[in-house]
Amino acid sequence: MLCPWQFAFKPRAAKNHSSEGKDVNNNVEKNKKIHGLENDAKLYDLSKKQIEMPLIITSAKASDGRENPLQNGIKASNQISRCPIHVKVRNLENGSSFLDTLHLTAKEVINCRTKACQGALMTPKGLVKGTRNGPVSQAELLPQAIDFIKQYYNSFKEPKIEEHLLRLETVTKEIETTGTYHLTKDELIFAAKQAWRNAPRCIGRIQWSNLQVFDARDCKTAKEMFEHICRHIQYATNNGNIRSAITIFPQRTDGKHDFRVWNSQLIRYAGYQMPDGSVVGDPASVEFTQLCIELGWKPKYGRFDVVPLVLQANGQDPEIFELPPEIVLEVPMEHPKYEWFKELDLKWYALPAVANMLLEVGGLEFTGCPFNGWYMGTEIGVRDFCDVQRYNILKEVGRRMGLETNKLSSLWKDRAVVEINVAVLYSFQKQNVTIMDHHSAAESFMKYMQNEYRVRGGCPADWVWIVPPMSGSITPVFHQEMLNYVLTPFYYYQVDAWKTHVWHDETRRPKKKEMKFSILAKAVLFASSLMRQTMATRSKVTVIYATETGKSETLANDLCSLFNCAFNTKILCMDEYDICDLEKETLLLVVTSTFGNGDSPNNGKTLKNSLLTLKLLRKKIRYAVFGLGSSMYPEFCAFAHAIDQKLAQLGASQLTPVGEGDELNGQEEAFRTWAVSAFKTACDIFNIHGKNSIQLPKIYTSDESWDPKNYRIVHDSQTMDLAKALANIHAKDIIPMKLKFRKNLQSLKSSRVTILVKLSCETNQEVHYLPGEHIGIFPGNKPELVRGLIAHVKDAPPADQTIRLETCTDGGCWTSDKKIPACTLPEALTYLLDITTPPSQQLLKKLCQLVTAEEDKQRLEVLCQSTEEYNKWKFYNSPNILEVLEEFPSAEVSTAFLLTQLPFLKPRYYSVSSSCDMTPREIHLTVAVVNYRTRDGQGPLHHGVCSTWLNTIALNEVVPCFIHSANGFQLPEEPTKPCILIGPGTGIAPFRSFWQQRLYGLERKGIKGGDMTLLFGCRQPDMDHIYKEETEEMKRKGVLKEVYTAYSRQPGQAKVYVQDILKSKLETKVCNLLHKEEGHLYVCGDVCMAKDVAQTLKGLLAKHLNLNKQQAEEYFFQLKSQKRYHEDIFGAAFPREVKRG
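In the numbering used here, the protein residues as written are 1 to 1141.
Below, a list of computed lysine-lysine pairs in the BS3-like style, where the Cα atoms sit at most 25 Å apart: (1) K1120 with K1065; (2) K298 with K499; (3) K1008 with K1035; (4) K819 with K709; (5) K758 with K1035; (6) K608 with K1123; (7) K1076 with K1041; (8) K1069 with K1123; (9) K413 with K680; (10) K115 with K129; (11) K1035 with K977; (12) K1063 with K1041; (13) K1109 with K1123; (14) K1008 with K977; (15) K342 with K300; (16) K819 with K794; (17) K173 with K185; (18) K220 with K185; (19) K342 with K413; (20) K1055 with K749; (21) K794 with K846; (22) K160 with K173; (23) K1123 with K1076; (24) K857 with K709; (25) K646 with K608; (26) K88 with K447.
None of these hints come from the bench; they were simulated from the model.
In this text, all values refer to a predicted model and were calculated from it rather than measured experimentally.
Required output: the full structure, derived from the provided sequences and hints.
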């Protein structure tokens, strides 16, 4: 048998046991203190009397102004004690203090064991009760039951020892026999009152002992629940003379038979989400209103429609009940001074009844216990009417009052909110409905608090909630320190019932009604007409983008879909944007990448040049910019910042700081965070109604998931034209070149490979480019990788079968996907989709849905949720999609999943290594073939996609490509200007086009250009000195004045890099060339080399021209601005955490 004495004999924390002047059961005055059951020591000491100490200190300071030392060894409140006897709570207004000992009996840890204070959270974890999967264990229940029974019997003015002991034995036997116990009606009444008394967020607790308790524990059905609630409302409303009441339904058993009121309040107004994103009614009720509609309630679409009650009895599916209008007392709003206030057509219900909280007492949980008090005016006047996420009438009232609503310093908000609260109080009082102003409520709470410290030695209070939402420091509670803790009994929050309910009868779940096509067509036409009208009244937003790879365009489209939720939004590529429209904009959003050395993408050049010509905007517009790039480049997101700075100079107003998306570290996550922030800020600035209830597109919410029902694969008979498909996907002018020549430029002894590739155009398309420009190549993935991936596809079609992806629209119609053309699966995985880049966290999140093994699921969830873990995994493994499927073998991927979720294969860019004049209709490339091992050199061998493809495809195979101009990396307009070319390794690639162009001018036109000096770098002269013979020939012909080479791996010699040659042999030459001869210096190669060369050059300039460090930086900046210092740089060839194979 369970023994109650083991719990009763446990020592209790020190607390004050003196009782207040009333019997909490019968509200009879009493004076006698309760000393417990000292006379029955033979049994057990139920309430041992503690040493009493004064709980109120009248002054915190001595007469001389110094702090009074605390007596009896009590520590000051700012001293740390591992087991404090009390906490000192001060009143900063009058200097008095309370000593709180009641907190020692606190039950829950709220949020104070973290490094960050969570005291201002709406629903801290410690105040929320979730569902249960079974009954409370007897070992857990018994001590809580004994503690509550002790509380109950200690509340009587005269001890009832025998009755107390008998009750303990009864409860113990009941728990042992049934696993639970039941409260007597008197115990239930005591518990409900005590829980209100313990509620730290309630300012009106001075009335706690007057709570009327309705015992509805015999209730069986939802209909009976509704009848009880109607009686509750009628009693509490009392024709406007509000009475506090609570109705308590049966207690929780195993968590599967709960009685719940799904409403947050017994009476609340509906909120209807309109197609344009606006809300009619109370925006706070939108989700619940939609639930009611789906459950069969017929909406009225008014501003003040009372939502029905949704009641759940005994864990059964909920039922809906409309409240009879005659029992819902409403108060129309009017103002004692402003007649126009009636025109606002406002009203509010008289009874504030919280319906969805849980009463915990003695280990028992009552999940259905709606209760009410009466209103404090600011609850309606400030929160319900003025919160921007509620009815949001503040600005309209301010405008009608004639206040300067466009000027915050006019304090129009403060003046308007006061008058709104005056109207609320006046209206309630005029209708003889109970209400309390916030000043009176604050005063009453101070009296209550003082009495509680006298009687109980403490008063749990949440300062954030107790201080009214207006008047702040002119209320006494503002200056009162408070201690927040959880006692028992207690009212807890609960998780929304509809989020946890398990439906018993799926057929009762509401289904959307079918509609005849003719009616549906009319409805669609009507809705589209409404939408056009709505869009015409919305604030206009323009999204522009510039891109090289298509990533910026993708994100810009996502941004457009987000802003379409509340604005009239259009999207344009920068080269389509008319700069004359800039002054007509309301809000301009820019998404752009940065290309090369801080340059704009090709389709952003026109806008960039147009912006530079503008001096000032005649109309102030708002804007926001998001930049994409890689942090391995020194000019990270430079073009985005340049646009931001120029728009600011023109007088535009920045909506939100520039966002940056690093392709090496959570680019898409950074974009989504920035986009949502920009959207919310825009909604605030443009005063969007119902903004807090707007449903964002799935990509901006955590519930984005893969739904296979939205896609299907069908067979097709046509064959894919690769060039056309790539042109449609990437919006590029694709030239289908053919591979005509390939040669390894390195020695056969070398472990590395650098190839010269010659492409020829055999179509009638024009091929024109300038020396120094770039060629974009669309490569193919390795066949072995493609075959391995197809082997993991559960529904892979035959390799030669042409398939087409179709998507299901909201109306249930299937349409062909516009991006993925009809093709075979091997074609898609080879030429269209990226199967080598490590998958994003979003893709892993969707893959998590497809795994069947629990260990795979757990690991994927970690990678999805932790950016730190994801980055470690990504940079260490650099896994392609095949390796991911091998790492998580229980994943069952489909053809549709790969076609819809894998990103497109991006083009690879190479500097052109030929002159269009010297070799017309040909393009030459210098390509380093990339191979590397992951996992610090111990992982699998990976291959560069494009370089490996170019090195393995057969001659005459088609190479889809396009020309991308490299603005700022071309030969000087004045051919006589001298040049220095610095390019180690494949950095020499563009310089081959330079010397070929100079050779063409010299031999064909007789034009001798200015001196051209080449500074090349490699490892060893007999291993990787590429183009050695060709550069020597150019020197003999006078095209190259000098050729210097830095060898970094000569056996037995120190490493020499290009910057070393620059310093040791070219110091005077380079300084004279740049400073006196107005020459040009070109640098091409990886980021680290370019940075070292720049630092070396700054040092040389400082030394040669006698400049300090700051002056050298400025001089260097001028060289760039004058376009005489040119850089064409690229990132490292290998991902981080990898080694060369």
